[in-house]
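Asks: Following the hints, position chain Z against chain W.
Residue numbers (the working numbering), protein chains in the order written: chain W, 1 to 348; chain Z, 1001 to 1196.
No lab work stands behind these hints, which were simulated from the structure alone.
Incorrect hints may appear among the rest.
Said to hold, decoys possible - Here are some chain W residues the structure puts well away from chain Z; computed CB gaps all over 10 angstroms:
| id | residue |
| --- | --- |
| 1 | G102 |
| 2 | S232 |
| 3 | V272 |
| 4 | E331 |
To be verified - Output of the computed footprint for chain W on chain Z, the stretches with three or more beta carbons under 8 angstroms from beta carbons of chain W:
| id | stretch |
| --- | --- |
| 5 | 1126-1134 |
| 6 | 1180-1191 |
The C-beta atom is built at its ideal place from N, Cα and C for all residues, glycine as well.
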Amino acid sequence: MKISFTKALCGALASALFLAPANARPIDEDDFVKGEETILEDKGYILISGPSRWGVTLMKEPNPDDIARYQEAYEEAFAEASEDYEKKQARYLKRKENPIEGRALPDEPIKPERETFRIVQIERFMASQFGPTDVFKKGDGQYTYLEEVEPGTYTWYGPVFLSPGEGYIGQCYCMGTVKFEVEPGIITNLGNSLFALPKWEDDKTAPPLDIIYPMGLGAVTVKLPTESAPVSYDLPVSLQGQPVRTPELFAVGKINNFYGKMIGRMAPIEGVLAYDRDRVIDVKAERAAKAKVVAEAAEAKAAAEAKAAAEALQAQGKAEEQQMEDAIASEAQTSDQPETDTETGSHE
Amino acid sequence: MKLAYRLLPLLLPLAGAAQAQSLVDEQQTRSFTANEIAAVEMPTLGFDVRKAKVKDFKKYYYFHRDETSFEEAFADLTECDALSSGLAAYTGDREPYPGYYATQYGIGGVIGGVLGNMLADAIYGSSERRALRRINMRNCMGFKGYQRYGVPKKLWKEFNFEEGGGREDDEIREAALMQQAKVASGLKPQQEVLER
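In isolation and in its complexed conformation, chain W is listed as follows:
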């Protein structure tokens, strides 16, 4: 049995609402050179380069302000859906009271209830998407994207993006990926590291479906990386002299396939991301935990040795003290004895 399309459509219309994700804002190199765009102190900037056009979804970890914004969006959506329901219900009742011969009565609208009313998930609410269009610079076989985003911690969700008229396309790194920090007032330069660092050749997957993005009269095929490559953080000349930092990457565990697309994972990255079958290993955390255990063991050993030394010293001290006491006692005992004529041995 399959679930009916109409039923699902009506249910979804009543129970969910689309909210646009907080997209990144692309910056064009010409505008930057002309001074129409600058690096603002309160904004974050992500620079990504690669050998082909690329579509990207990054998910920002929500802070308390984001969560408040999300809750506000929920309330707005719920109020809107409730208002919409009232109108539909009135039309439905009117139609029910005045049946049209030969035409069936439509399904009764479903009243939105907080228990079942949903807006888009918070992870998607926090998603920033960009590419494959709106490059900062292209040439010499390189495509560079510079995006203005809100500062925060971003998870690299994978090459998933909205294709006009097609919906979302691409592949999520749902079964293992990385995150990094985007600081305000600085360009976070990822270079080509997200494509070049992972050992794709050691983590074979099924041949993917083509990710085709229509552009103008043609189309662009977004190529998924299959092999690691030399890592480059080279900056376009126009950005040299700007505040730039290379972010540290950290492992991220499994994430849901929010867009219902191809499942994949980032291939292992030395010192960052590893796998035990499908278990994601945070290499840095693991190393830190091991280092902590070693440090604690060393500390415990040093403490034990110090304690033993102290005890030995204490024991030695006691022994010396005892010896001294014995010596004093012995001397006292000697001095308490009556004096004798050493020659005659008789008392005077």
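Replies: Relative to the frame of chain W, chain Z by itself:
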């Protein structure tokens, strides 16, 4: 249908349901009694390789992993099935705010996923969705260390389902996944392993 098609770009983003990201991937393993496992019918897997259409194996295959219990295999297949479908596969252990997960999961999420898939069918065609599911199950189970073995379509259909026309009924789905778990945790197949 016309109305539905006009709404496609607007509604597509509803697909899927949320969960957290966590390195603590504790799998929820459902327990089965020996009788329950014994009651799951083992599908027929024997066939004459010389007569089989080997090129069909890129579409029709099953999974097996050594030293794997029925419970483990069922949990793995269930996780991959949910992930592939765009439904909530992971619950995580951190909430963005208290009560978030309690309010996020329910019929809304399920309908969102179902609807997204149906709308995707209308756009891409059901063959694309069938291909997507094959890739997803292959990748997910491959990451989990399962090996793939080809099987003729006729036999494959007896314990698998395709979702080109919409989401399969949950009971049929679970019965198929249990049969697949029996195969995945059963005797090692005596045939060539397919590429991961």
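Asks: Under 8 angstroms between beta-carbons, do enough residues of the stretch 1126-1134 of chain Z, three at least, approach chain W for the coverage claim to hold?
Replies: holds (count 4)
Asks: Taking C-beta pairs only, is S232(W) more than 10 angstroms away from all of chain Z?
Replies: Consistent with the label, S232(W) stays out of reach of chain Z, its closest Cβ about 28 angstroms off (over 10 angstroms).
Asks: Would you say E331(W) is clear of chain Z, with no C-beta pair closer than or equal to 10 angstroms?
Replies: holds, 72 angstroms
Asks: So G102(W) supposedly isn't at the interface. Is its beta-carbon more than 10 angstroms from every beta-carbon in chain Z?
Replies: It holds; G102(W) is separated from chain Z by about 20 angstroms at its closest Cβ, greater than 10 angstroms.
Asks: So V272(W) supposedly isn't at the interface. Is its beta-carbon more than 10 angstroms from every beta-carbon in chain Z?
Replies: Holds, because the least Cβ-Cβ distance between V272(W) and chain Z comes to about 12 angstroms, which exceeds 10 angstroms.
Asks: Establish whether the coverage given for the stretch 1180-1191 of chain Z by chain W is satisfied; the threshold is a Cβ-Cβ distance below 8 angstroms, and no fewer than three residues must meet it.
Replies: violated (count 0)
Hint 6 alone, counting from the list given before, is not met by this structure.
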